[in-house]
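Asker: Now for the letters of each chain:
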Amino acid sequence: MPTDGFMYPNEIELQWSVLIVLYPFLTGLVAGAFILASLERVFRVEAVKPTYRLALLTALAFLLVAPLPLQLHLGHPERSFEMYLTPHRSSAMAMFGFVYLWYLMAVLVLEIWLDYRRDIVVLSQTTTGIKRLLYRVLTLGSSNISENALAIDNRVGWVITVIGIPSAFLLHGYVGFIFGSIKANPWWSTPLMPVVFLFSAMVSGIAAVLLLYMLLNRLRKQPSDIRCVDTVAKYLFYMFIIDFSLEMVDLIHRIYESDESFRSLDFMVHTRLFLSQVVIQILLGTVLPIVLLALTQVARLSEIARKRIYVFAGCLTLIGIFAMRWNVVIGGQLFSKSFLGYTTYKMGFATKEGLLPAIVLTVLPLFILWVLVKVLPPWSEKETAPVSAAVAAN
Amino acid sequence: MNMTRRHFLVLLPAAALAWENILAGAPETATNYHTSEHWWGMLVDIEKCIGCGSCVRACQKENNVPDGYYRTWIERYRIKEVNGVETLEVDSPDGGMNGFPSSNEPGVKEFFVPKMCNHCADSPCTQVCPVGATFVTPDGVVLVDEKYCLGCRYCIQACPYGCRFLHPQKNVAQKCTLCYHRITQGLTTACCENCPTGARQLADLKNPKDPIHEFLRTHSVQVLKPHLATGAKLFYNGLDGAVR
Chain A
1 MPTDGFMYPN
11 EIELQWSVLI
21 VLYPFLTGLV
31 AGAFILASLE
41 RVFRVEAVKP
51 TYRLALLTAL
61 AFLLVAPLPL
71 QLHLGHPERS
81 FEMYLTPHRS
91 SAMAMFGFVY
101 LWYLMAVLVL
111 EIWLDYRRDI
121 VVLSQTTTGI
131 KRLLYRVLTL
141 GSSNISENAL
151 AIDNRVGWVI
161 TVIGIPSAFL
171 LHGYVGFIFG
181 SIKANPWWST
191 PLMPVVFLFS
201 AMVSGIAAVL
211 LLYMLLNRLR
221 KQPSDIRCVD
231 TVAKYLFYMF
241 IIDFSLEMVD
251 LIHRIYESDE
261 SFRSLDFMVH
271 TRLFLSQVVI
281 QILLGTVLPI
291 VLLALTQVAR
301 LSEIARKRIY
311 VFAGCLTLIG
321 IFAMRWNVVI
331 GGQLFSKSFL
341 GYTTYKMGFA
351 TKEGLLPAIV
361 LTVLPLFILW
371 VLVKVLPPWS
381 EKETAPVSAA
391 VAAN
Chain B
1001 MNMTRRHFLV
1011 LLPAAALAWE
1021 NILAGAPETA
1031 TNYHTSEHWW
1041 GMLVDIEKCI
1051 GCGSCVRACQ
1061 KENNVPDGYY
1071 RTWIERYRIK
1081 EVNGVETLEV
1091 DSPDGGMNGF
1101 PSSNEPGVKE
1111 FFVPKMCNHC
1121 ADSPCTQVCP
1131 VGATFVTPDG
1141 VVLVDEKYCL
1151 GCRYCIQACP
1161 YGCRFLHPQK
1171 NVAQKCTLCY
1181 HRITQGLTTA
1191 CCENCPTGAR
1201 QLADLKNPKD
1211 PIHEFLRTHS
1221 VQVLKPHLAT
1231 GAKLFYNGLD
1241 GAVR
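These protein sequence lines are chains A and B, in that order. All letters in the first sequence, in the order written, are residues 1 to 394 by this note's numbering. All letters in the second sequence, in the order written, are residues 1001 to 1244 by this note's numbering.
Derived by calculation from the structure, the hints in this document are not laboratory data. Built from N, CA and C at the ideal position, the CB exists for glycine as well. Treat the hints loosely; a few may be bogus.
Claimed, not checked - These stretches of chain B come out as covered by chain A in the derived footprint (C-beta under 8 Å, 3 or more residues):
#1 1069-1083
#2 1127-1136
#3 1147-1159
As the list claims (entries may be wrong) - Restraint ranges, calculated between C-beta atoms of paired labels, are given here:
#4 A/222 - B/1066: 58 to 66 Å
#5 A/284 - B/1086: 35 to 43 Å
#6 A/287 - B/1226: 22 to 30 Å
#7 A/360 - B/1186: 50 to 58 Å
#8 B/1086 - A/43: 55 to 63 Å
#9 A/2 - B/1048: 48 to 56 Å
#10 B/1036 - A/156: 52 to 60 Å
#11 A/349 - B/1170: 24 to 32 Å
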């Protein structure tokens, strides 16, 4: 493996692969999508309502896949359950299982169920065969959809969203803490890491839901609600500004402080990480989408032009955030902790931790989302109205 | 069985001794080893190290360390001054296992630094282990329970000294055990035993008779990366400021 300078002999092999890059990327999409959903629910941003259910389903689809790259990466995946049985309390990683389960079961699944309960009950009465059985199981035995019951659902759902916001912060802030708390690694060790992870998560999650919303509408041959798309893009722009500012604060701090690791890290950014950090993450993945989104805020552009810009900026954003995760995880392992040398990451293809499983794990949530959308359609009230009418007739 | 009072009194002290061994646990029965009576570390005298690689070879053999990975290794530092500017070259071919090619370049400051797990008292590696598979023993040795390790490699990332690796066949984290199987039997470590110049000395910081105390009192001794406050117990005599 090509190395430059001096590495400690055990450092030549990289420990965390592209799968560990994928893990914060996926959980970031979850946290971001959920926070977008909470905008409508808690902060009463009515304009983003058309994305509410889609955002929740997107969060669920990505959350279900999030632990898989970790599981695949473990040397002994069969022992992973030990994290639940005998967690080590001083370990940030040990909390993964609990934070994950809390978020999945206590927040996301519950909120989705409460929000869809009326639809599930209606569908359990209007469908036949296997579908009917599925929806009957999903009702969990409760078919009361009286106004009173729905009002309670709504109230409880609101409370869960309020609990869900700090939970989403916890989920992704904790992922940042996994890296930020490693004092051995100056590339990772900064108290800003959880905050930067959090805001970049919101950026990626909002961009993903924006793209999925527009894509699904295109597939359904329905027009996207331009007011909704504009509002989501506006929030994406605001979040991006905060995220970029935080990253710049971190960068300026590092440059100004210039501690013993600085020369080594600076050299790495100018050589091995130049393409993925400077070109892809900062220029293409951050500055360009911010400029494009700013353009839609200040210039009077036609609807079609705005939509095209949103799609382009959204794609660039996702690439940029993925590059950010890459630069954190892989970049943090390319230099020696002796600060005297550098190694290279060579990604396999059809290996256990290669590119192929990474691609499969990236596509899998989209497939799960497709199934979820089929089972629990996120479309607005007026489109499900005929179903309600059918029930009323019954 | 008929037992007289006399017989009983004769057997009592013997039974007491045996009971003490039973209480002490399996590895301690042979030597009456008590974990609470020891606090292990190591002294490395850089001025004595000749970079012969005996320690690395002994360690590989004693602990069956897989090829390409190292529980201990030796680094060679070469500091040159050209036109008033210092340049630093460090190498460790095969972990220094086969020694180093000789160099007689004049005007070069050259020395060897043996490295291994620092058996930190506040070890960052044990802190991060999600299941507590790696831990500090009561006698101050950082170990890994191979039957419990998940192979997540978080500890490898958290070690500031690059002492850990993932065993390529067992898929668990591995590192220097300070030859725990030897020191609990009253022996020294394989690396210390095979060092021809006595550059490595196993040190029991809880034993008042251990020469480490006299050495620490009379020499300027340093640990690696002291700013990280890991409580490292690998003490270096004659450590140059260039060493990381």
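Asker: State for each hint whether it applies.
Answerer: Hint check results:
1. 1069-1083: Contact hint for the stretch 1069-1083 of chain B vs chain A: holds, 4 residues under 8 Å.
2. 1127-1136: Held - the stretch 1127-1136 of chain B has 6 residues with a Cβ nearer than 8 Å to chain A, which meets the minimum of three.
3. 1147-1159: holds (count 11)
4. A/222 - B/1066: 58 to 66 Å: Once the Cβ atoms are compared, 59 Å apart, the range 58 to 66 Å for residue 1066 of chain B and residue 222 of chain A holds.
5. A/284 - B/1086: 35 to 43 Å: holds (40 Å)
6. A/287 - B/1226: 22 to 30 Å: violated (41 Å)
7. A/360 - B/1186: 50 to 58 Å: Because 55 Å falls inside the window, the suggested range holds.
8. B/1086 - A/43: 55 to 63 Å: Between residue 1086 of chain B and residue 43 of chain A, where Cβ atoms are some 59 Å apart, the hint holds.
9. A/2 - B/1048: 48 to 56 Å: violated (35 Å)
10. B/1036 - A/156: 52 to 60 Å: holds (54 Å)
11. A/349 - B/1170: 24 to 32 Å: For residue 1170 of chain B against residue 349 of chain A, whose Cβ atoms are near 26 Å apart, the range 24 to 32 Å holds.
Going down the numbered hints, you'll see the structure goes against 6 and 9, while the others check out.
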